[in-house]
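Go ahead and model the full structure; you've got the sequences and the hints to work with.
So the sequences go chain by chain: A and B.
Be aware that the first sequence starts at 1, since it is given in my numbering, and climbs by one per residue.
Be aware that the second sequence starts at 1, since it is given in my numbering, and climbs by one per residue.
In case anyone wonders, no lab produced these hints; they're calculated from the structure.
One or more of the hints may lead you astray.
Unchecked claim - Beta-carbon label-pair distances, calculated as ranges:
(1) B:D82 to A:D205: 50 to 58 Å
(2) B:E259 to A:T48: 46 to 54 Å
(3) B:D20 to A:A217: 38 to 46 Å
(4) B:K192 to A:A294: 19 to 27 Å
(5) A:D205 to B:T246: 25 to 33 Å
(6) A:A294 to B:L202: 35 to 43 Å
Unchecked claim - Sample of chain B residues facing chain A (criterion: CB under 8 Å; computed from the structure):
(7) D96
(8) P141
(9) A162
(10) I171
(11) S215
(12) L216
(13) F229
C-beta: ideal position from N, C-alpha, C; glycine also.
Spelled out from the first residue to the last, the chains are:
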Amino acid sequence: MPDILTYVLHYGGAFNKNSLGAVSEGAKQAAAIGGSCHAVVVGGDDLTDELCKTLGNYGATKVFRAKGPEGLAQPVVDAMAKIIEENGHSYALFGGGLLGFEIGAGLAARRHAGVTMEVINIKADDGKLVAERPILQDSKISDSHYRGDLGIIIGRINAFEVGQPSSDEAEVVDVDVEFSPWSSQAKMVKRGEQRGADVDIEGADVLVAGGRGLGKAEGFELAEELAKAFGGSAAVAATRAVVDAGWYPYAAQIGQTGKTVSPKLYLAAGISGAIQHKVGMQSSENIVAINKDANAPIFEFSDLGIVGDLNKIMPKLTEAIKAKKG
Amino acid sequence: MKICVLVKEVPDAAVEKRIDPSTGRMDRSGERNLNPYDTHAIEAAMQIREGGAVEVDEIVAVTMGPATATRALQKAVSLGADRSLHLSDDALAGSDVAATGYALSKALESESPDLVLLGQQSDDGECYTIGAVVADHLKMPSLTQVIKMDVSGDGLTCERQAEYGYDTVQISLPAVISVGDAINEPRYPSLKAIMGAKKKPLDTKSAGDLGIDASLVGADGSRVQCGDFHDPPAKAAGQIIEDDDTDETVQKIVAWLDERKLI
Ligand SMILES: Cc1cc2nc3c(=O)[nH]c(=O)nc-3n(C[C@H](O)[C@H](O)[C@H](O)COP(=O)(O)OP(=O)(O)OC[C@H]3O[C@@H](n4cnc5c(N)ncnc54)[C@H](O)[C@@H]3O)c2cc1C
Ligand SMILES: Nc1ncnc2c1ncn2[C@@H]1O[C@H](COP(=O)(O)O)[C@@H](O)[C@H]1O
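In structure tokens:
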């Protein structure tokens, strides 16, 4: 039977939204190729029977539960390799993020399998799955066909929608995994540290987002002033580049390892428009970009693009909006 | 301690990338350069050497790629590597991520490094995952996207951003680490280093030299076949304003926003 095994990430007693999306997608595709969708979870005592059973709500019929360290990829590779070896799954599916990439790639090495990342769509064709992946800065889409016993599909974040939960429950099966020596050579010291202030950007109608083009931490004052001029629920967001640099809080980060937003207006200043940023904001209703490089990828997906120096434009724009509002 | 840095030659960012319709592979002709993300990995190696916490005996740049890839190696050497290893073989052409990672792991195995460093992503491949593939073959612990790395005795303390915030992970050596671009500010090579790079030892090895199983690499050994390239759904092109006169530009932006009731 062509079964699909999906990895489900959890944190603080709750499952990751992208993982739930992968389970929903896995169930849909399993039905299309005549197999079942199973899930695998790795962690400690917070993975209770009650919690694990709820994966049935999204279409998993069985949940393999292994005791192991959380937040690290290699122990999950060990668990999935064992489960796949014993149960013969044809596909492994991940909802994206960061761990999914690492686990999927490690599993490809371990099982000599094909792997495709950044998948935005899966098609069932004659009992097999074909993965669609954008390439060349999203200007083309390539179809991945798999050879061999196992195909690995790593979704782009938000590519797989979480289905309407049913009342079905999954069977929970405990598996004993003997971890590889190298899997125990990485130890989590501190997980999920929130760097910077706890700002709330998810409810904002207008987001003024800043990137490395703001030049320095103080450059964010331009973004804050502009957000203030819009008033109401306007807030300031950021790219990973500036959050990693300590210029702005992690809570304001948009993208693959940050938040996903869809405000009425997303005004990006000094942001190149990398795919990992785009995936967190592309469903915004209106996208305006200010960038001094006419070739910046962000102009490919903005509704209004301004080619120019943000240091000249933002202060005047702030004044003009204030004046307009009176 | 011996550090190997994986580097890749990629199309220059300024050159438009495309698929060659006759082969269905990336057109790799045109201007090429060292993958910019890999300069952070070389710089990280240099900072370990200069940091003094451990003795670094050697930094070796390693690549797999066509004959032209030697230029990426020379650039890596001009940035601080002591010598380089070029894995080059027609049999490797068309390898997918898993096959590339396997081949690279065989090249690395021949060097027995204590630490393998990589870039966060290749400008053309955009997979972010070669490190995880390589690590599994080498049976080493691994982490990607590391933005802070402290070296001591036989271990590393690494920090990186994952999906719930920043993680701090303690890793013992040998290990495979891909570094994020926030980890450091790569130095510029001196003219002397650029001139001297061509004189540093460069080994070229074939797949056979490294004991690479030919059935696991190349287009035939790859388990993913890419094809049927098609266009994404067309999206209406946005309006572009070139900022010549900022007052005028700002007026246009305000009018645009006002039309959509966004102010
Ligand atoms: C696994 C992984 C996960 C990631 N997750 C995320 C994520 O969650 N979120 C995220 O944002 N990124 C993420 N990234 C990083 C992403 O790939 C980019 O590196 C990052 O988004 C770039 O940020 P930036 O646009 O601020 O910087 P840059 O790419 O450096 O762009 C700066 C831009 O500013 C412009 N500029 C400079 N000066 C001016 C000026 N005076 N006026 C106008 N424009 C100017 C430049 O032309 C340039 O386009 C991730 C990467 C990986 C590999
Ligand atoms: N052919 C290659 N030869 C050497 N190193 C590579 C090669 N491909 C990728 N890498 C390394 O792997 C990193 C991540 O690349 P990727 O997984 O393709 O995004 C790059 O920054 C390089 O350090």
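(request) Mind checking the CB of L216 (chain B) against every CB in chain A and telling me if the closest is under 8 Å? (result) holds, 7 Å
(request) Using the Cβ atoms, figure out if E259 (chain B) sits within 46 to 54 Å of T48 (chain A). (result) holds, 53 Å
(message) Given A162 (chain B) as an interface hint, is its Cβ closer than 8 Å to any Cβ of chain A?
(response) holds, 5 Å
(request) Note whether the CB distance of K192 (chain B) and A294 (chain A) lies within 19 to 27 Å or breaks it. (result) violated, 36 Å
(message) Looking only at beta-carbon atoms, does the pair D20 (chain B), A217 (chain A) fall within the given range of 38 to 46 Å?
(response) holds, 44 Å
(request) So, P141 (chain B) near chain A? Judge it on the closest CB pair being under 8 Å. (result) Holds - the Cβ of P141 (chain B) comes within 8 Å of chain A, reaching about 4 Å at its closest.
(request) Answer holds if the nearest beta-carbon of chain A is closer than 8 Å to that of I171 (chain B); otherwise answer violated. (result) holds, 5 Å
(request) Hint says 25 to 33 Å; check whether the CB-CB distance for D205 (chain A) and T246 (chain B) agrees. (result) holds, 26 Å
(request) Given the hint of 50 to 58 Å, check if D82 (chain B) and D205 (chain A) actually sit that far apart at their C-beta atoms. (result) Holds, since D82 (chain B) and D205 (chain A) (Cβ atoms, about 56 Å apart) stay within the stated range.
(request) Using Cβ atoms only, decide whether D96 (chain B) comes closer than 8 Å to chain A, and label the hint accordingly. (result) Interface hint status for D96 (chain B): holds (6 Å vs cutoff 8 Å).
(request) Just tell me: holds or violated, for the beta carbon distance of A294 (chain A) and L202 (chain B) against 35 to 43 Å? (result) holds, 39 Å
(message) Can you verify the interface hint for S215 (chain B): is its Cβ closer than 8 Å to any Cβ in chain A?
(response) violated, 10 Å
The structure fails hints 4, 11 (numbered hints given earlier, in ascending order).
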